[in-house]
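As they're listed, the protein sequences go chains V and Z.
At position 467 of the first sequence the residue is numbered 467 (this note's numbering), and the sequence of numbers has no breaks.
At position 148 of the second sequence the residue is numbered 148 (this note's numbering), and the sequence of numbers has no breaks.
Wrong hints could be hidden among the right ones.
Unchecked claim - Subject to a maximum C-alpha distance of 27 Å in a straight line, what follows is the list of computed DSSO-like cross-link-like pairs (lysine-lysine): (1) Z:K212 - V:K212; (2) V:K437 - V:K498; (3) Z:K101 - Z:K139; (4) Z:K437 - Z:K391; (5) Z:K218 - V:K212; (6) V:K391 - V:K175; (7) V:K218 - Z:K437; (8) V:K127 - V:K7; (9) V:K7 - V:K437.
Don't read these hints as lab results, they were simulated from the structure.
2 protein chains.
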Amino acid sequence: MSENYQKTFDRLCLSMRETALLRSTFSLLGWDEQTGMPPAAADYRGEQMAHLAGIIHRRRTDSQLGDWLEQLAESPLCADPHSVQGTIVRESKRQFERHRKLPEALVMELTRTAVQGQHDWQQARAKNDFSIFMPSLTKLVGLKQQEADAIGYSDCRYDALLDEYEPWETTARVKNILEGLREELVPLLQEIKNSDTTIETGCLNRNFPVEKQRRVGKEVAENIGFDFQQGRLDTTVHPFCTEIGPYDTRITTRYDENFLPTSLFGVLHESGHAIYEQGLCKEWYGLPAGETISLGIHESQSRIWENQIGRSRAFWTGYFPRLQSVFPEALRDISLESFYHAINTVTPSPIRVEADEITYNLHILIRFELEQLLLNDDVAIQDLPEAWDDKYESYLGIRPQTASEGVLQDIHWSGGAFGYFPTYALGNLYSAQFFAKSETDLGDLTTQVANGHFDPFREWLRENIHQHGQCYSAGELVERVTGEPLTHRYLIDYLRTKASEIYGL
Amino acid sequence: MSENYQKTFDRLCLSMRETALLRSTFSLLGWDEQTGMPPAAADYRGEQMAHLAGIIHRRRTDSQLGDWLEQLAESPLCADPHSVQGTIVRESKRQFERHRKLPEALVMELTRTAVQGQHDWQQARAKNDFSIFMPSLTKLVGLKQQEADAIGYSDCRYDALLDEYEPWETTARVKNILEGLREELVPLLQEIKNSDTTIETGCLNRNFPVEKQRRVGKEVAENIGFDFQQGRLDTTVHPFCTEIGPYDTRITTRYDENFLPTSLFGVLHESGHAIYEQGLCKEWYGLPAGETISLGIHESQSRIWENQIGRSRAFWTGYFPRLQSVFPEALRDISLESFYHAINTVTPSPIRVEADEITYNLHILIRFELEQLLLNDDVAIQDLPEAWDDKYESYLGIRPQTASEGVLQDIHWSGGAFGYFPTYALGNLYSAQFFAKSETDLGDLTTQVANGHFDPFREWLRENIHQHGQCYSAGELVERVTGEPLTHRYLIDYLRTKASEIYGL
């Protein structure tokens, strides 16, 4: 009997590994689309991706797979829900049930439209003209509504979409979290505004030749543990991290010759994502035990390197002299303290990816609210730019001056990713809570970081988070690692402590 | 009845177009493998490609496809064998019958081994150590023998493999052609050796910064008509051209800072291939009416731009001043005539892709003979390097000094391409014959080229060759365009005329 279960389990794994070969090929089509595909190839790329998405969807929803999962779910192999077998069966079943609800034609049409959407978005952004993007956005919102309705939900459409990125999370809980954060952050922001401290940030806007930025980025990524034997770094309009196989994780960034943080923190951020992917158990690649848990946990890994490490005084104690030696003209007259203050300055600005750690969460709140309006047809597409700008004025006190720095700044919607943004805020919460625990566990983390010894911290992440794949849900993991459920407290403490010191609150 | 045929034909086309979506995706996996894949990803890439090759093979050999083709072959739709419908059915049937003979497992294993082989070959070449490549080469030769035996042949194994690259061609005819060429070329080579003329080629070995070479390459490719909206140019160890969709043709080159011709003529060559692909009828992409005829015809299109145009006095009359302005230090003191002589110098050298137009065909003869020995087990793999060097000594009077400039110089065998090399020599013959006809048709081609007006010549190629897809076989096409069957005469005349003038024979 148990031998039979084992055979069924092996067949399941083989089938899913074959699907993973196609999924990773699909990722390559997407990576190439963003990094170097000739412009005229966009339509055909949409067809290539739609066709492959169709094949993958058929494999994922094959009734044979359902039969195997049914048999295995009650088997002794899965007695322990956190075991590799238990995880593979449980999570595969969850995905199977979700995918079965989606018609193949919808999956293909969404894929095709997303490629077209990203293409149109790029054009719209370059020409600063929202109307170029309107038709695809309209189509995408319609398709995502269909998707949500096909999946089903008890409370609101948004729940059905959020679940794809953050399993077990709900809109109501996210709303609570984001509003709770706002209640703490808006007064903190006010205190900062009222403080007498002014921080000089001009040093970040000097001239930083792109080639040198590229070299520094590569060096920093390598230092913290991104393995270039198993990855690469490219340039794109919108930075991202993607995996194309167990030994192939690729990150991208963009460069602004007159603003260093874009690529510097961008590379740290994407490297954090990549280190998570590279830290998964290769043996289970393509199966839930070898896959990342949720985008919230994924984001915690990028934010922890970008912020808790990358914007710490310790990090720059070690690395600032090197940065000065690469950019002597720009940084020769700047002290470590001035630099540290500059990269931690808090100022409402229109661009999310360049936002400080405090206002960042308000950027997310705005998107979270707007995409709910879109999905419920509570805002017309043509009114979206104004709705966007109004919210910026209301929450951040600034009004974007152009569509490119307003509603067109993010790639997500153009690729059909609605329900994705809240995972960024969740990532911030997770990262603060994980970091606090790592500090306790590792003892003198500050000294390690200042000395450029990132291995103990990275290994801590690997041991506590990466290697488990999906053996624990996000909620279970945070409790298992830190001893308590997800809470605001660590993020607020971290932000308040840092701001108090820098702004003398 | 005829309506039914039309329906069947449409179904056939739809199915083949879907297969083309996967074939072009397969090409992207291959392109990425060569251009930028992280080193550690090679094994998994082999699995991705093998799996996709399996899916493609299943689609290509589906008995439903066979039924449709059977029905259509005798239908009135195909009454005219050169019509689009006639061509699609005839050529699809030919391919179907070939693919049906190959077991899926062999196709997958060949794909996997080819990826591994290319990886090993790169390592072997970098380390100049043939033994690193031996195991994959041994395996590949064995698999290709299996392939040839599965396909079947009347005369020799080589026929079965050659047919993949040059349909309707035979080993015996190729042997005749290459030996006929040798009989004419060896005495011509001797006359050149005996002449009093010495050509100064040092100007080609000066310093040519890679970034500038890249810029010139892009400019030249664009000038002759490579459309960068539908393509790109990258750097690889071994240059190639590949298509990833109807609007996505990619070429690669390599750069030698101290030898200009590598990239200069390399880019012209690959652009010629790409212009052929870009000149196909987009409407029939993925179907034989929208595909290239044979590698021999493909090679004629690269050689015609590289040699008949790119090594002509007319071309450099127009472009040399620009080249001097890009590389003033290297070329300021060089006259147009000296440069023209330098790029047309005839000297036996060990590297095929850098060979002059006369000795080039002897390089091909060597490979053609060696791969027959390999397939017939008439040479042991470990003796291959010596066999290679011996043939170079015998045919060209030189002995390669290292494995990298000897048996390891070409990528082809590492990717399982046996039977491919003769198409290079065929391409030389076709190109000379086509070019002679284009000169007659276009009137003052020399003046057009000198003025940088490449459009009439490119359009002549498009109209006479590219747009027909596979509506004519290579043999039919050359007769249709030039009024006579393929002959040595044009190539020998062209080579002798040029050599006589330059060497004062």
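Structure-based check of all given hints:
At roughly 20 Å between alpha-carbon atoms, K212 (chain Z) and K212 (chain V) fall within 27 Å of each other, so this suggested pair holds. Our distance criterion of 27 Å between C-alpha atoms is met by K437 (chain V) and K498 (chain V), whose separation comes to about 17 Å. The hinted pair formed by K101 (chain Z) and K139 (chain Z) meets the criterion: a straight-line CA distance of about 20 Å does not exceed 27 Å. Only pairs whose Cα atoms come within 27 Å are accepted, and K437 (chain Z) paired with K391 (chain Z) is rejected, the gap being roughly 35 Å.
A threshold of 27 Å between alpha carbons decides the hint, and for K218 (chain Z) with K212 (chain V) the separation of about 25 Å falls inside it, so the pair holds. Restraint check for K391 (chain V) and K175 (chain V): satisfied, since their Cα atoms lie roughly 16 Å apart, inside the 27 Å limit. The straight-line distance between the Cα atoms of K218 (chain V) and K437 (chain Z) is roughly 54 Å, outside the 27 Å bound, and the hint therefore fails. Distance restraint check for K127 (chain V) and K7 (chain V): the Cα-Cα separation of roughly 57 Å exceeds the 27 Å cut-off, and the hinted pair is therefore not satisfied.
Restraint check for K7 (chain V) and K437 (chain V): not satisfied, since their Cα atoms lie roughly 41 Å apart, outside the 27 Å limit.
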